[in-house]
Every structure is written in C-alpha cells, then in structure tokens.
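Please model the entire structure based on the sequences and the hints provided.
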Amino acid sequence: MRKTEKSSKSARAKSSKVDRITLDIIENALRNARNEMDAVLFRSAMSPVIREQHDGFPMIATADGRMVVGQFGSYIAGFIRNWKRGINAGDVFLCSDPYKCDGAISHINDWLVLLPIFHSGELVGWASQFGHTIDIGGPVSGSLPTDATTIFGEGTRIPPIKLFSSGKLNEDVLDLILNNSRMPTMNYFDLMAIVAACRTAEKRVRELCDRVGKPLYASTCEALLDRTRRAMSQLISRNLPEHKVSFEDYIDDDGRGNGPYKMKLTIWREGDHGYFDWTGTDPQAPGPINFFLNEEMFKMFIGVYLIMVFDPQILFNDGFYPLLHVIMPEGTLIQPKFPAALGCRTHALTRLFDVLGGCLGANTPELSTAAGYGTSPYLLYNGYDEALEFFHLMEISFGGIPGRPFGDGMDAHSWWPLFENIPSEYLETYYPLTVLEYGSLMDSGGAGFFRGGNGVHKVYRFEADGEIAIHDDRDRSQPWGILNGLPGSSSTKTLVRANGETVLLPSKISQVKVSKGDQLIYRTAGGGGWKDPLDRPPERVHADVKGKLVSHEKARRDYGVVLDSQTLAVDIAATNELREKMRSSRGDSSTFTFGPVPRAIGLKNKEKRGKGQAV
Amino acid sequence: MTYRLGIDVGGTFTDFLLFNERTGAMQLTKVASTPADPSVGVLQGIRKIAKQAGIKANEISLILHGTTVATNAVLEGKGAKVGLITTRGFEQILHVARGQTPGPLAGWIIMTKPDPLAPLEFTRGISGRQDARGRLLVALDEAEVRVFITELHQAGVEALTVSLLNSYADPQVEQRIKAIATEMYDNLPVTISSDILPEFREYERTLTTVMNSYLQPMFRVYLNGMREKLVAGELRGTMSIVRSDGGVMSLEAAKDRPVNTLLSGPSGGAVASGYIGELTGYNNVLSFDMGGTSTDVAISYGGKPNVVRETRVGYYPVKSPSVDVRTVGAGGGSIAHVPLTGALRVGPQSASAVPGPACYGTGGTQPTVTDANVVLGYLPPMLLGGEMKLDTKLASEAVSTIASAMGMPLHDAAEGIYNIVNENMFGALRLVSVQKGYDPREFALVALGGAGPLHSNALSVLCGSWPSIIPPIPGVLSALGFLHSDIRNEFSRTVINTIDKMKGTEIKASLETLGKQARHWLTEEKIPARQQEIHYQVDLRYHRQGYEFPIDIDLTWLNGKHNFAPIIERFKKIHQQNYGFNINHPIEMVNLRAVAIGKVRKVELKKTKGRGRDPKKALVQKHRIYCQGGWLQASIYDRYRLRPGNEVVGAAVIVQNDSTTLILPGHVGKVDAYQNILIWPVKQGTGRKA
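For the record, the sequence lines run as chains A and B. Reminder that position 125 of the first sequence reads as 125 in this note's numbering, one-by-one numbering, no gaps. Reminder that position 396 of the second sequence reads as 1396 in this note's numbering, one-by-one numbering, no gaps.
To be clear, the hints were calculated from the coordinates, so they are not data collected in a lab. Cβ atoms here follow ideal geometry from the backbone N, Cα and C, with glycine treated the same way. Be aware that one or more of the hints could be misleading.
What the hints assert, rightly or not - Okay, derived cross-link-like pairs now, PhoX-like style, lysine-lysine, Cα gap no bigger than 25 angstroms in a straight line: (1) A:Lys-203 with B:Lys-1572; (2) B:Lys-1602 with B:Lys-1304; (3) B:Lys-1113 with A:Lys-548; (4) A:Lys-546 with B:Lys-1078; (5) B:Lys-1393 with B:Lys-1622.
Unchecked claim - Incomplete in silico selection of chain B near chain A, CB under 10 angstroms: (6) Arg-1088; (7) Phe-1090; (8) Glu-1091; (9) Ala-1097; (10) Gly-1099; (11) Pro-1104; (12) Pro-1116; (13) Asp-1131; (14) Phe-1426; (15) Arg-1544.
Structure follows, in structure tokens:
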C-alpha cells in the first residue's frame, strides 16, 4: 500500500484566499478546456477506435500532478517522483509501459502523453491524455494476443521518454517506435492528435494564468481539490458501512484455459475515512487478463461512483485521496508482478466496477444499480483486401446497461462514457466486410421493475480471407440483478462457416482464420434488472414486446404479464392472477440475484495458478 | 408595395417587424402565438401591424418568417406518428443509435434517452440490400414492400421514412419504394434518406430523415393554412420561410423539407447580428440571444454566420445545414442552487414563464438570474412602459437562500449568480470561437434577446470582444434578421475517394451537375437569373479521418488533370488552424456540394444625425447598483430619448420597453447613427480594429 497523504492543511490555508465565485468560474473554464481536448482529439485522430469510438481520456493537473479535471485520476505525481532527467518548457513525454508508470495506463496499447505547462518560465500544471493505439507490434495484429504469458509477448513497450525535448520532436525515437507498428501512419496521426489535445489544454491554462494571475490560479486549483475533499468526506460518512461488507464476482477465464478468476473487495469506514481491501482476490493469471491497478485511479473510480448522484456538475478531482485507503495484495489479479501479461485487462477493469458497485450497494440497494455487460468487447479483423493492401480493424462493442433507479438500462449501449459505435457504412466502405444485422438481442436484458438493457446482436460477413480475434467476457457468468431484478444473459460468439459449419468461439481468442463468406454472430451480455419485475407496469412490458425487445414468452415467464397471442393486448385479470401466484411461490429473496457461479474450465492446457511469473 | 415584413413565430409570442423600404421606417408588434395552427396568429399579427402602420396587408411585398414550431415539436414530442422502412437486420437503428452514454464515468446512471421518433413497432426491415458502392447484393422484393406499407398504413402512421443502408451511394431502391408508397396512398407523405441527406453514416441519415417525416404533417397544416390565406387575397406578397442555415425557401419547398427549419428562429438572430455588425463597421461578430430559459450563441465572420452541417436538438444529432448556434441552459429564469459540494450552480433548471422568477410575484420562490439582477439594481423595479413591476423584496428573499447556503452577504451572492451565468454563456461562446480557431478578441459582441443587454458588457470583458453592441430593438432582432436572409439551399453527393485517384475534370463535371440542380431550384423559387449565385464546396479530410472540413472552391481550380493544388493548400491551412498539425498523407474527398443562393435586396436602415455627447436629456433618475463588491452611483437613462453621438458613462442603466442595458463602471456606451449603443472600455477608446 502506497502512501498518498499530502499536506492538505497548507493547501487549505492557501485556498482560503480564493473567493468562492472565482472558484466556480475557474472550474467552468477548466471544464470547458477538458471538453475542448476531447473535441480536438476525436476530430483529428485517425483510428476508428479513438475517432469514432472515443477511447481516449483527457486530464489537466496541478504543477505537482494532482488532477483538477479529468476522469481517471492522476498518475502524474508518480511520474514526477520517478523522472530524473529534468522537465523543461516545450517537453512532451510519452509512455506506454504500465510497469513504468505505476499502472497509469494498464496495457501497452494505451499511449500516454504528458505535457508540462509552463507560464513565463514557471511550471503551472500538466495536461495529459491517453488513447488506445491500433497496433504496437508483437506477434499478433492489434497487439492484444489472448494467449500471451508475459508483457514481452505483447508488443513494443515505451518507457517514459521525451517525445519533444524543449519543443523539438525526437524524430529518431518516433521512427523507432513507429517502425514496430503494423499501422505506423495511423499511430502517427493518433499520437499527434493526442499531443494537439494536450496543447489545447496548455493554451487554456496559460490564458487562465494571464487572466487571474499565477498565484490565484494555483490557489484556486487547491481550493477546487479541497472542495471535493469536503464533499467526499460527507459522502463517505453517509454511505459507507462501519462494519465490513464484501462482494465478489468473476472473470470467466484468462484466454489460456484457466479460470474463473474471482475479484473480491471488502469495504468499511472509520470516521470519514474509507477502506477498500482487495484481499481474497485470486492470484494473478498466467494469461493476459491481469489488471495492474493504479491506486489513485481506483480512488477516483470510488469517488465518481459516490458523487454522480449528488452534484453531477462538479469538476471531479483528486482532492479526496487522503480520505481513502486501499489495500492491494501483490501478486494478485489486480496487482500482478512484472512481467505478467496485461493486454486483455479490460475485463478486470470493468468487473472492478461491478464489485465496487455491489459493495457500495449492499447498504443502500435502492440507490444502486445492477451489473452491466461487464467488459469492453472487441472484434479484431485483419488480412489483405482485394487490392492486396493490409487492413486491420478493431471495433469496440457494447452491451446491456444495468437496470438503475433512474430507469431501464439502455439496450446495446456503451457502459464507458462517450464511446460511440462505428457506423456500418463506415465499416463496409473501408473494410472487406458486410454487416448483416446490428441491433440489441431480444430477451437478453434481465427482467426488473426497471429492466436491464439488452446485449448487442451483430452479424458480420467477412468478404476477404483473414484472421479475427475476440475479446469478451460474461460468457460463463451473468450480470447480476438487484432487489429481485433478474440477471442478464451471458455473451456468445458463433462462427458460421461459408459451408454451414458452426463453431462456438470462446470469449477470448486470437488468430482465428476466417475465409471469405464466413459469418460471425457476436452477442454480448445483457444488463441485470433493478427491483421486482412483477411490479413493472404491464403496459411497459407490452411496449417492449411490441418493439421486439422482450418476447411474448419472457413477458409471461419473468414479468408475469399475460398477453393475447394474436393481438398482444394485455390480459389484466390473467396477469394479476399469474403475478400473485408467482409472488407466493417464490422463496425469500436476497439483495442480489446471481446467475450460477462459473465452473472451472479445465481445458487441457490448464496451468498452475498462483505464484505469478518469475522474471 | 414597398413594405417588407419579418415574422418570428416563437412558442409563446409571435413578433412582427414591418419595414418601409422607401423611408426606412420600422413598426413593431407582438401577438400571442397559436400553436395549434400558427397561421392564425400570424394572420392576426399581420392585420394588427398593417393597421398600426396605416397600410393595407396586400401592400406588403415580401413576408419572411422564421419559426420555432419545428424545434418545439421535437422538444415536446408532438410530431407525427412515423413509420420507418429500413434494411432488415437494422430495425433498431434509431433505438441503438450510436450507443453513446454521457460522461463522466458512470454518466449512464442518470442518462435519459427518449424513445425513437419512429417507434420500433412501426419499423420494418426489407430484404433488399446494397453494398457500400450501391451495388445490389439482394434485389428489392416489391411484394414484401407492399405488405409492409399496407401494415404501417393500417397501423395509422401519418408519415413514412425510407432509409436503407448504403442508399447514399445509389438512391434508386429508395426511390422505387417511394414510388410504390405514393402509388398506394397518395396522401401519405414519404421522405427518403438519399433525398434529405445523401451522405454516409446511417444513424444520422436515418434520424434526420425520420425527423423530416415527424414534422411533415404538421407543416402541411401550417403552410397550407398560410397559403389559403394568401390565396384568399388578403395578402399578395411572396411568403418565404427561414431555414436553419439562415437562408430562406418557399412554403412549397418547406413542406418537403421541414427538417431544414429546425433552427429557423435562432438563425434569424445570427443573420441579424451579422447585419448589425456590418452596419456598425464590425464584420466579425459574436452574438448571444439570452431568453428566459436558455441562451443561443453564434458567430459571424465577414458578415456571414458560420454554417455547420450538424446540430443538436435536445437528444438528437440532426444533420441538416444550420447556423452554428449553440444553446446553453442559461437564461433570465435559470435557477441558482447550492448542491452538497457547496458550489454555486446556476441552471440548467429554469423557472420558465410559470412560475417565473420570484420578483415577478407570480408564485416563484426559487432564486433566478433575473432576481439577482433585481437585487443588484441592474433591473430597476419600475420598468419603463410600466407593463410589469418587479418586486425587490421577493427577489431578495429568494437570493438570500443562496447567500445563507454559501455563508456570504446577500449582494455578494447575487453578484455570484450574475458572474456564474456569464461564465456559462462565455463557455458557449468559446465553443463557436476559440474552439473553431477564431480569437474572440478580434470580434465585436452583439446582444440579443430581452435579457442580453444586461449581460453584454460583462461578457465582452470575459471574451475581450469589443465593442459590445446593443441594437435598438434587441428583443425582436431575429425578425430583422429574416429581412436579410437570402434564398438558400444545398445540393450534395458523397464520393469518398482519395484525391490522388480522382480527376479534376470529373469532379468538376459532378459539381456542375449539382450546380444545375441548384440553378433549377432557384428558378423554381422564382429568383431572376441575375440574382442567382452558386457556390461550390468539397468536404475533405485525411484518408480515414472521421470528420471532414468543407472547403469553398472555385470551379476553375479543377481545370486540367489532377490539379487539386489550391484545394489541398486550403485544406491544410484549415487543418493546421484547427488541430495544429498536418502530415504528408493522402487526402480524401468525401462530399461534393453546390450551394444555391438567391440574393435579396438588403433593407437600408435609417440614419439619424448626431446631437452632441451629453446624454442628460435622456436622464431619468439617479440610482445605485452593486458591482464588484460595493455600491456605486449609477444613472438611469431612457433609451428612446438618447440621440446619436450621446455618450453614456458607466455605471449606468438604460431602460426601454423590451430590454434593459447595463453599462459597467470604467465603460462608456456611445450611440451611433443607427441608434445602436456601442460599449467600450474607457481606456481602450473607440479605436477600430481591422
């Protein structure tokens, strides 16, 4: 456990000089700057993953590296501590090695850019953004081999380096890096777009310093941090239990036939301090699903979850870090030892939220949500097109959003903020494939008073020979429901060969050969339901049946709603009778409704779990 | 026949501005809107203003009207029952949308997503299928189509959209389905996506087309009502409707494409601001139109509003050429509150017209921006014209809830509210300026809307945009803008190929074809050839980038083979300006476009001679305001008694019927020959920028 205590006392003393309104005004200005970073990145980047899907995360931090605006929390303080070769105006840093930046980024596809912001010779802050680059070498196109056993088997790692040194681009290093990519132009574009986004933030922060003066800008940042700290202090006292509450959930497998993997979190509070203990989480996996969790980032996740309902307009920041204490045992799935493979960490990263949500919800389930599709499902497809040009596609899919106190979970939507799907017309224009079907899968959302969203149902036909890779989870487990809400359904991937042969694919696999005319049916998991489906107004169930989001059968089976088989009209009397019968025949309910615990896979190459890999 | 009439049909009121082309005189009036059939209110107003001016309605030669009918229908969910025919396997295209949930992390917890404008139960997927080049993969099954259309008609759909995957590449299948539907039910309005938006990205194209269908039946009623009244002989002039992009089109054209009027109202304001800017000698202006619940901001460069191809109406991203208007939930009625974090927030919730700000004394108790303005003395309790008395005591009570929540004195809290709402509007102004590579310091700022002039000086301080221009009639400026709108339409097609694989002559030929369509349309709109203008644009991006820039081009640039050099040069300049980098990489052409413009004769406003600098004849009374943490002496002036040449030194409050202007200390407001007030910092003087 690392120490993150800071002298918040001196910060508070300083911040008292800032008038409250200036504080709110600078907060607005910084929020605008952060939105501007996104706009610049999304519009100028080239790979669909960043540009159409928005897999990129911006941040603005104080001179000592604490995040004042952003969403993933700051990792800059750790970087500053470790960097010994000077930080000058005009420098731009680049890093992609999770082990060299305390897990600020968690797989080597994410390129992290850090830009120190100087104002008349003085360091006043940092701008940072990272984005998922499409290929960074290694044995498999896309650089996410599902069977890697060390990080050396995944691709090119970039330790922290100066991409620009005092304003000058380090072309030799850039050439070296790009030379290792299958898609050098795309990476170059994306990298320059990330730098452009950081420069935007740099401009805005300098303008703010011009406008209010450097000292006031600095103390305003402190005051913003302090404000979040005070708000969080209240939220912790109100929402965290004084006794220990544990929650556990599973990742299906590690891509090498091992699994399932348990993630377990225990939380409690002492005064206004919160404790988050990962003890009981399974040891690290031989395969690449390990998630090197950055402690600051985890604190940010906790904070965001707590505060979302109370002041969605707040500029969320690092200020509350000293109030949270995290225990992350080494050698586990969330704190693997170098050089464990990390490429497919997405599943653990997302499951973390299910487990965190479960813990926080145990005390106040009415205010909590069910579980969602619980990962970030990818399809990768590469080969040579008609013109014999190399192509490589990476597409991020979505799934069922959890049922929530606010309403139904959205069908086939992104759990990750601001991501968008790739238009099918875009896919068909630039890649040799045809999208035959794209929508949400009927009945896959868990029933509830507010139902879970349906998962994605998408059918592709490949129009060129090539290779595909699948990255998905919730294929053996189901997203849980809450307060009598039912679990969402699991995911499946089915390859239908041109000759009609059907192959059920595992949720994590790379280098699957496909031929022209083969079809892939990609279905992601549905979200869990929120509260009792027997209380859902029958007319809402009726509307879902008419819209083909829920079947006639499921309406009866899970919601107790009887519809006329011809007209689909609701039979009120029969519905009331059926619901009464269902209520009285079911047993006591617990807070959460889980699907069956996934069984161990036990494939032939099952490896020994536990110790982690020695160097 | 020397009268021109601008009409702004809003949700609550309809504004009328009658302009005498011979004398330059203007008449204003206002009537309550009649949402069930807006033509009723329009006609009432026309009679009223004609009577007021002592003329006959049939002396009006040109009627230009803008409307928020479409926007409100979408925001309030009051459009038609739309049926959608799409490609099989994509029936949930509107339901799944782009799959986006809002930020930050966990933003989905509080997301609201409306049901699709074409309900799932009225959506049918056909088996016919085209590939990305428009080639048929599966032929159209006409029998199946007929079954679907019959089902949808029986289910009572009032309008039909046909939007098929890849139809932008070849419209024939959609056109055939439209022909079948029209043959089956000639009363059913049918819109096909390749007609409305022949560009790729199926969700946006389908949404925009469905939006058109959603509005079509209502527009038929509305515009037929107008036409009947025209035909009945009471009116004789030409009547046109203002489009979202600031141009105008005939009522007939609007019936086919109501989606193009979604931002009709705000675009008039932007056009008018550009015009006011030109009049005062500032061709580059930022403008903000501050109303009760929200503020619309826009930018005009070189006298012309910036036109973009996508806009957002509520949840929906609509791809229709529109003035780049951004709306922020900051208006006079925006409510201030202090959440758990102890921060001061203003909006986006609004007290609207009912119950309204606390100071109206109509039952509102929550503190609004207007209440803060009353507490600070910026809005004097007795408004000129005396239509409404503002209750200072109720305003103070409301604002004091904020003061106690924040532990600060009443007037500081009020000033906080004033400053925060300004900052929110400033954020929106940045989106249309700095984010597009424009430096706001090179722009003047025009205030519109009843509430605008109270905040204009302060916003100019934030933006560095001088002068702050307060037009003579800020409350009805949109209607003035309509009088300046040219006839406008766009004709485009998608090509998608890298420039190195294209021939300039072929692109030129395609553009000329679009240009012919554009001329044909203008001729149909009865624009004489000498007033017709065609502009050409190509949309470019680096190969595989996702978003393109429209580049204005001259067709002669395309003479000779592969001669794209001037176009590439322009593209690189714009890319550099927006993103700060360029690269040696193939450039891709995405869309070709011909923009049809029919010029209308501009109205000439009347100039008045100066009467010296001293404004004392307009002085109403001495007053005081709270500003920058203290009380200041501030005189109240009557706007109608101010004369050109007068200089009002801040702090001062200038009152008129539809608005109140605040001049901050250290600033001076100068009245120009057109009765605009131009506010400058005292020390900056009135030096003009290039």
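Now the hints, each set against the structure:
1. For the suggested pair Lys-203 of chain A and Lys-1572 of chain B, the alpha carbons sit about 21 angstroms apart, so the restraint of at most 25 angstroms is met.
2. Between Lys-1602 of chain B and Lys-1304 of chain B the CA atoms are separated by roughly 14 angstroms; this keeps the pair inside 25 angstroms, and the hint holds.
3. Distance hint between Lys-1113 of chain B and Lys-548 of chain A is fulfilled; the C-alpha atoms sit about 18 angstroms from each other, no more than 25 angstroms.
4. A threshold of 25 angstroms between alpha carbons decides the hint, and for Lys-546 of chain A with Lys-1078 of chain B the separation of about 21 angstroms falls inside it, so the pair holds.
5. A hinted pair counts as satisfied when its Cα atoms are at most 25 angstroms apart, and Lys-1393 of chain B with Lys-1622 of chain B qualifies at roughly 20 angstroms.
6. Proximity of Arg-1088 of chain B to chain A holds as hinted, the smallest CB-CB distance being about 8 angstroms (cut-off 10 angstroms).
7. Interface hint status for Phe-1090 of chain B: upheld, as the beta-carbon distance to the closest one in chain A is roughly 6 angstroms, under 10 angstroms.
8. A hinted interface residue such as Glu-1091 of chain B counts as satisfied when its beta carbon comes closer than 10 angstroms to some beta carbon of chain A; here the least separation is about 6 angstroms, so the hint holds.
9. At a threshold of 10 angstroms, the smallest CB-CB gap from Ala-1097 of chain B to chain A is about 8 angstroms, leaving the interface hint in force.
10. About 4 angstroms separates the beta-carbon of Gly-1099 of chain B from the nearest beta-carbon of chain A, less than 10 angstroms, and the hint is met.
11. With its C-beta approaching chain A no nearer than about 5 angstroms, Pro-1104 of chain B sits inside the 10 angstroms limit, and its interface hint holds.
12. The beta carbon of Pro-1116 of chain B is positioned within 10 angstroms of a beta carbon in chain A (closest approach about 9 angstroms), and the interface hint is therefore held.
13. The closest approach between the C-beta of Asp-1131 of chain B and any C-beta of chain A is roughly 7 angstroms, which is under the 10 angstroms cut-off, so the hint is satisfied.
14. The restraint placing Phe-1426 of chain B at the interface with chain A holds, with a minimum CB-CB distance near 8 angstroms, inside the 10 angstroms limit.
15. A hinted interface residue such as Arg-1544 of chain B counts as satisfied when its beta carbon comes closer than 10 angstroms to some beta carbon of chain A; here the least separation is about 5 angstroms, so the hint holds.
Checked against the numbered hints given earlier, this structure breaks none of them.
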